[in-house]
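Chemist: Sequence:
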Amino acid sequence: MRTFVHGAAAWDVACPQRPSRVAGVTMAGFRVPDLDALRMVPHPAVTLLLEFGPGSPVVDCAGGRQQRGSVVAGPGLGSGGAVWARGENVECVQVRLSPVIARAILGASPADLDGAVVALDDLWGRDASRIRERLGHVSSWQDRFALTDALLARRHEAGPSVDPEVAWAWDRIVGGRGLVRVDGLAAEVGWSRKRLWSRFRSQLGLPPKRAVKLVRFDHAAHRLVAGEGAARVAADAGYVDQSHLHRDVMAFTGVTPASVAGESFLAVDDLAWPTHRTPTKPHVARDLASTAGRR
1 MRTFVHGAAA WDVACPQRPS RVAGVTMAGF RVPDLDALRM VPHPAVTLLL
51 EFGPGSPVVD CAGGRQQRGS VVAGPGLGSG GAVWARGENV ECVQVRLSPV
101 IARAILGASP ADLDGAVVAL DDLWGRDASR IRERLGHVSS WQDRFALTDA
151 LLARRHEAGP SVDPEVAWAW DRIVGGRGLV RVDGLAAEVG WSRKRLWSRF
201 RSQLGLPPKR AVKLVRFDHA AHRLVAGEGA ARVAADAGYV DQSHLHRDVM
251 AFTGVTPASV AGESFLAVDD LAWPTHRTPT KPHVARDLAS TAGRR
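Taking the numbering used here, the leading residue of the sequence shown gets 1, the next gets one more, and so forth.
Think of the hints as simulated: they come from the structure by calculation, not from any bench. Heads up, the beta-carbon is just placed ideally off N, CA and C, and yes, glycines get one too. One or more of the hints may lead you astray.
[Said to hold, decoys possible] Quick list of simulated restraints, FRET-style, between CB atoms: (1) Arg86 to Ala226: 25 to 31 Å; (2) Ala10 to His244: 18 to 24 Å; (3) Gly262 to Ala153: 49 to 55 Å; (4) Asp12 to Ala187: 36 to 42 Å; (5) Ala150 to Gly262: 33 to 39 Å.
The task is simple: from the sequences and hints, build the whole structure.
Modeler: Here's what the structure looks like:
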């Protein structure tokens, strides 16, 4: 376990020694004595927070709504800067799920989350309490990661998969860092635009155009945190100009690019998720090719 220090934030962070057995799953462990008003910055993944410590994280959402304890949130959580996390003596395993596998693991489509933060109890029932107890009884972080990974692998194996065409389109967007013409995706998979848009939204939780904007923003935001200038980031990340980047960052976070560069939520990624860029998955292309004759 290593210590992350960023401004007033000081968190203990643990990383798995082995990758997950499920492609599209990454995780990190956190021990935070005092989590003080952490802005949740939108990210192109489904977030699963499994808490087990003496304290309990609190997620403050728009409209005064709150969720405590273990939670799930769809891709793009925190758009507009409307979601904050806080708490004392928080210990948790945070899992990032590719939307392509989230439906199988959660037992519900990310679209059912509707951009909200949902209590894990509402999705998994008593299983949520069981996993919390088991994580609390394990003494090491590597054992906690192994326990969590085994649970996710079982659920993934038993759950439904998304259409190969939808998975392929998502991987094209992520692999291209959002620099993809969405109108061309349907033609590339041999579907109508209406069909792809409908399946993509229902299975992954957001429409393709929104996915492109979110992936592009995520790439740009991490470059800002790394200290690159806004003008260069805008040019390299596919924005029309710096004003375009400014508008996108404001829409996703509610603050300026200069402020985003100081967000602890993003800065911790280099320690907690050192390989947080999601690679394309070769098996998706093979699956897509195998279904071409059945359309």
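Chemist: Hint by hint, say whether it matches the structure.
Modeler: Results for each hint:
1. Arg86 to Ala226: 25 to 31 Å: holds, 26 Å
2. Ala10 to His244: 18 to 24 Å: violated, 36 Å
3. Gly262 to Ala153: 49 to 55 Å: violated, 37 Å
4. Asp12 to Ala187: 36 to 42 Å: violated, 49 Å
5. Ala150 to Gly262: 33 to 39 Å: holds, 37 Å
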